[in-house]
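Protein chains in written order, with the working numbering: chain A, 1 to 233; chain B, 1 to 105.
Warning: the hint list may mix true and false statements.
Said to hold, decoys possible - Residues from chain A that face chain B, not an exhaustive set, calculated with beta carbons under 10 Å:
no., residue
1, 25
2, 55
3, 72
4, 76
5, 77
6, 87
7, 154
8, 215
9, 219
10, 222
11, 226
Note that these hints are calculated values from the structure, not bench results.
Even glycine gets a Cβ: it sits at the ideal position worked out from N, Cα and C.
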Amino acid sequence: MIPHFRQGFRHGIPIGLGYLSVSFAFGMQALSSGLTVWQAVLISALNLTSAGQVAALPLMAAGAGLTEMALTELTINLRYALMSLSLGRKLDETMTTGPRMFFSFANTDEIFAVASSQPGKVGKSYLYGLMVAPWVGWTLGTLLGAAAGTLLPQFIRAALGIAIYGMFLAIILPPARDRKPVRFVVILAAALSVCFRYVPGLNTVSSGFTIIICAVAAAAAGALLFPGREEQP
Amino acid sequence: MSLSSYFPYLAVMAVVTYLIRMLPLTVFRREIRSRFLQDFLNYIPYAVLGAMTFPDVMYSTGNMWTALAGVIVAVILAWRGKSLLTVAVAACLAVAAAQGIMLLF
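Hey, can you work out the whole structure from these sequences and the hints?
Now the structure itself:
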């Protein structure tokens, strides 16, 4: 049991370090959206999701409705349902319902990727070990960014503002380069999002609904035009 | 932000995000049969991130030109398949460098 936990913990360290830097930027962003340090930290500790949290900030700042918040998080985080379904087939008999309910909280893109790439089945001890460093990194990074971000000189804060988008680009570009359907979906979603920002009339749609409309339309168009071209993650 | 408006947001975010992750791992363990739905769910992450990145990234540094420098560097490195951390840090450094160059002129 203990060796499995330690192995999982070790595998989580690079993820935790990556999260530390990205959540630092999230902490800064949260403060400039009007949240306090502890409000930002609590969001990270309880959500553990980069895109969902970044998208929530303008909604909170604008005083958006709770339905809009729920639908935005649902759309952005829908991918986790797929990852959980896929990971479910890889769990061994130690992962009974209780541990499944506990671990699923931490099924992020990166934790899912590492757990899925392990040979054979994975169990409770390994997965519990794997959760630790990413959760600590994500929460601690948010605290540091929210508490110390304002102490940094303006030019460093401006530079850090792009960090999270750099991470998004690193996620979408390699598959977009290799696979035409993904390229199509990314370009269509980005183009729609640009229209919703600048076209008069469309630019009155709030940020949450813009993401929902663009993502659902682009993914549906991809699924209609390129059926059966994507493997399960 | 006042606590009375903060906590409802926090609760909705955390509960929705948790249920999306938890239910398929505990309750709905069946395969998705619909080909369309499978494809749709596979494309959703790329669509979400594409829509969230553009055009917002151009406003992320407070200056379009420094943001453009960061985007160019990030696109080149991401295209070559560099890690998330490398791309994110290089984009920040490119923005910092662009700010420095703009100070000179």
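Self-check item: Hints the structure fails to honour
Solution: Per hint list: zero violations.
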